[in-house]
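Residue numbers (our numbering), protein chains in the order written: chain A, 553 to 875; chain B, 491 to 803; chain C, 5 to 330.
Don't read these hints as lab results, they were simulated from the structure. Check the hints yourself; a few may be wrong.
Claimed, not checked - Label pairs and their in silico Cβ distance ranges:
1. His550/B x Thr767/A: 32 to 38 Å
2. Ile655/B x Ser647/A: 30 to 36 Å
3. Arg682/B x Thr557/A: 30 to 36 Å
4. Arg681/A x Glu88/C: 51 to 57 Å
5. Asn198/C x Thr767/A: 54 to 60 Å
6. Val724/A x His550/B: 48 to 54 Å
7. Val535/B x Ala24/C: 46 to 52 Å
8. Lys712/A x Leu693/B: 51 to 57 Å
9. Ser731/A x Gln157/C: 34 to 40 Å
As the list claims (entries may be wrong) - One side only, chain A facing chain C, incomplete, derived with CB under 10 Å:
10. Ser647
11. Pro650
12. Arg794
13. Arg871
Beta carbons: idealized from backbone N, C-alpha and C, even for Gly.
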Amino acid sequence: MRYLTRRIGLFLVTLWAALTVNFIIPRVMPGNEAQAVLGTFRNINPAALHALQIQFGVNAHQSVLSSYFEYLGNCLTGQFGVTAQGVPVMSEIGSKLPWTLGLVGVTTVIAFLIGTLAGVASAWYRGGRLDAILPPALFIVSTIPVFFVGLLLIYVFAVKLNWLPLGGNYSVGATPSFSASFIWDVLKHALLPALSLVIVTSGLWVYSMRNNMITTIAEDYVKTGRAKGLPTRRVMFGYAGRNAILPNLTGFAMQLGYVLGGAIVIEYLFSYPGLGYLFYTATTDHDLPLMQGLFLFYTLAVLVCVLIADLLTAVLDPRTREA
Amino acid sequence: MAVTDISLAEHAPDVEVTGAPARFLRAVLGNKKAAAGAVILLVMVFVAAFPGLIAPDSPHATIYAQDAAPSSAHLLGTTQLGEDVFSQLIWSTRLTLLVTLVVSVIATFISMIVGVTAAYFGGITDRTLTVIIDVFLILPVLPLLILLAAYLPPGVTSLSIVLIITSWAFQARQLRSQGLSVRNRDFLVAARARGERGIYIILVEIVPTMSSLLAASFLALCVYIVGFAAALQFLGLGNSGQLMWGTMLYNAQQAAALEAGNAWWALGPGAAVALLGAGFALLNYAFDEIGNPALRPVRKRRRSRRRRGRAAA
Amino acid sequence: MAEPLLEVFDLVVDYPTDTADVRAVDHVSFTVGQGEFLGIVGESGCGKTTLLFGVAQLLSPPGQVVAGQVVFRGQDMVRLTEDELRHMRWRDYSVVMQSAMNALNPMKSIGAQFKDTLQAHGSPSDDEIRQRSAEVLNLVGIDPVHLKSYPHQLSGGMRQRAMIAMALLFTPQLVIMDEPTSALDVVAQRSLMNKIKELQLSLGFAVIFVTHDMSVVSRYSDRVIVMYAGQVAEVARTETIFDQPLHPYTRGLMSAFPSIRGPRRELAGIPGTPPDLARPPTGCRFHPRCPEVMPVCLTKPPDLYAVGGTQVRCLLYAEDKEKEAV
């Protein structure tokens, strides 16, 4: 229990840190710049404008501290202000979320499976052909910047071979529906972005999994498992694999931030209208509330995943259950 | 230990102390992957130091045909404005490498100070610093980078600053663990008994024992910095006038190079970034296997062919 | 003489490294009779643990059995495939490792670990599993309620007993033990050893017991093998080795320990350090440290020579003509 309360504490502190970063940054900007940015905003109702002014400290009627607390209060009640177009930040995020969720969610799961299996297998059959090729290859691939993988894939499959579309999430002029043709269209558009992400993130995972697996295999209890005459698969997965993954679940969740970053770049590269692309356009538009809202959202996503991983570890690893 | 323990009958053997640089060199030369990494990095350093030798054309000279495909005159084609891509690639090496190394050195230094201080002082200092490290580790890096970079004037200085801020925490935990394991050794107790101050102990006594972990951390950080710097510039947060691979990528993307026929304007710097990152990563292999002998490659023998899967325990 | 249970012929185990091969076990031969308690002693690095795992076919890479035979129940285990071995594992011979904390899976309860062993070699019903598990725990003096416990919840002594209980699940004919008492305090050690001996005598299994503690060996084993630098230095019945040690190394060991009841005397250690097995000394491996070294010892590696019931690897006991320098 203490373990979990400590982790929740960390969760809250990190959230607070992200909120504070959001608060501090516009105040570090020269005063008239913030004013100028606000000036570009359209369709803002006075209440929203007031909230933004507080956030940016533009019309400093209040002290910094009281602005801070009002800002925190706004955030806790879900009011993240409006974008430069006057649309509430939350709804803007909400509309783009499903696309990114689909892309990142699916690729992360696939990459996790590939990475884990490759790591476990290559560690078990160490010195064999699999181990000689797979981990170094995947690892080197994981150090390749994700945008380069994306560029290559676009060049080969979209430009040269013309098999797959250049970008976007569905063809121009298509109407969203649950029809088979639309779904197929969506999948075609998502294939290259997804492939880029899977290639790079499996590599991230396989190397650490392999090393942890090697260390675990060297543990005496794996030797005992083998000595007891348990079937190979049983020892490999039930004794070594399971024990090797568990302590790393949290580490894996923490890498999610890196994956989300990669998704931003990929969405930009493929003009894929998810949250990452939104972040990019917000940057070029100097749309501060939207950028801050997205940053907060990303932080929250990582935190939630880390917390889930911690919970899973606590539940599955009997050693952490000691009160 | 029982009084009847055999080891009491023996004398303890002397421990050989070999120099760290010699060990490192041996590890690099003996390990194929690390040697490959070293070669890549040496080539990069050479290119960065003497770009004129390889690409005599000025990278900014807009004198050539525009958007030309690769040819013998222009190995990687030309840009939209008529500059030679290969030339730009070569001349960008210097700034790219410089930024990477400087940022990594500073970030590793901060990482080390924070990690070892936390380990050495323990208690409330340790807990506070650990929380700070964890917070920086969880905050998603690229979003934070983008957020920070968007508010600062575009350029190499801002880039370096935001990179340092977001990457110092990367290795801090490992450095802290190492610091913890060293903390109670006799030579440190002796230093404390001599009345040395904490900061002295940290810098002069503890840090030198961690040299291989520091080097490995530095290299690992380089891999990430190379990628993140390029990604930031790719997204447009750098100064497109400054000559770095990332800015080349941005310009290429803005000009839709992939479709326009001079794809190497984009693929060239991309490949260069990948190569540099791979170089650092490969060199780092030398350390992984020094530190953990269990990870060292296993030499295959003919005899055990009949026993598949026996490679375990 | 009854049919031996286990015969090891010329076993060689190598650890290939980047620079040279380290021969951890160099042509070791010995036999174990039914129900016999064989102790193997030697200092750290002499190869005794490697020998043990080599016999049990449990070596970890890069270690490998390079030559020799391990004949158990009429079959040479070195030549068997993993599948054939699996059938024999735990039913015919089991292994007890040094530290139960490391040898027991920390994520599974004791009962779960017993269960997967029982299920790996048959299809017992849940009742049969529960019954047998409780039975073996009772044998070692642990309350069966601990089947639900995890290893970290038990004390050190209890963990070791649980390991021994697990090793007896199928009442094998041979139990191989790698210093199972070295992690315990002296009182727990004595208690555990007594229990092991008691079980051995009542259930009739043979034991190969590796240790670096001479007192354990002297009290419980029938025969003793003294290992040095990967080779067998001396093999004899326990009383013989302690009363009349023949090999200078064994003699050095005997004089290194105080006797509680005997007269006070100066303790002598063995000067020098154990050899680097990557580059062992020429001739007899013990010659750099031997108080009775002869010129021939530097060049001629000694065989095992029989002296009464003892076998000793020392040129002092060779035929006269062999003592001539080569």
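Note whether the CB distance of Arg682/B and Thr557/A lies within 30 to 36 Å or breaks it. holds, 34 Å
Pairwise beta carbon distance, Val724/A to His550/B, judged against the given window 48 to 54 Å: At roughly 38 Å between Cβ atoms, His550/B and Val724/A fall outside 48 to 54 Å, so the hint is violated.
Please test the hint of 34 to 40 Å on the beta carbon pair from Ser731/A and Gln157/C. Hint violated: Cβ distance 58 Å, outside 34 to 40 Å.
Restraint satisfaction for Pro650/A [CB to CB of chain C, less than 10 Å]: Hint violated; Pro650/A Cβ to chain C Cβ min 37 Å, cut 10 Å.
Quick check on the hint: Arg871/A CB to chain C CB, less than 10 Å? holds, 6 Å
Cβ separation of Asn198/C and Thr767/A, checked against the hinted range 54 to 60 Å: violated, 36 Å
Is the distance from the Cβ of Arg681/A to the Cβ of Glu88/C consistent with 51 to 57 Å? violated, 25 Å
Given a hinted range of 46 to 52 Å, is it respected by the beta-carbon distance of Val535/B and Ala24/C? violated, 36 Å
Cβ separation of Ile655/B and Ser647/A, checked against the hinted range 30 to 36 Å: Given a distance of about 31 Å, which is inside 30 to 36 Å, the answer is holds.
Satisfaction of the hinted span 32 to 38 Å by the C-beta atoms belonging to His550/B and Thr767/A: Because 52 Å falls outside the window, the suggested range is violated.
Between Lys712/A and Leu693/B, does the C-beta distance stay in 51 to 57 Å? Hint holds: Cβ distance 55 Å, inside 51 to 57 Å.
Next item in the hint list is Arg794/A. Is there a CB on chain C closer than 10 Å to its CB? With a minimum Cβ separation of about 7 Å from chain C (threshold 10 Å), the hint on Arg794/A holds.
Consistency with the previously given hints fails for numbers 1, 4, 5, 6, 7, 9, 10, 11, ordered from lowest to highest.
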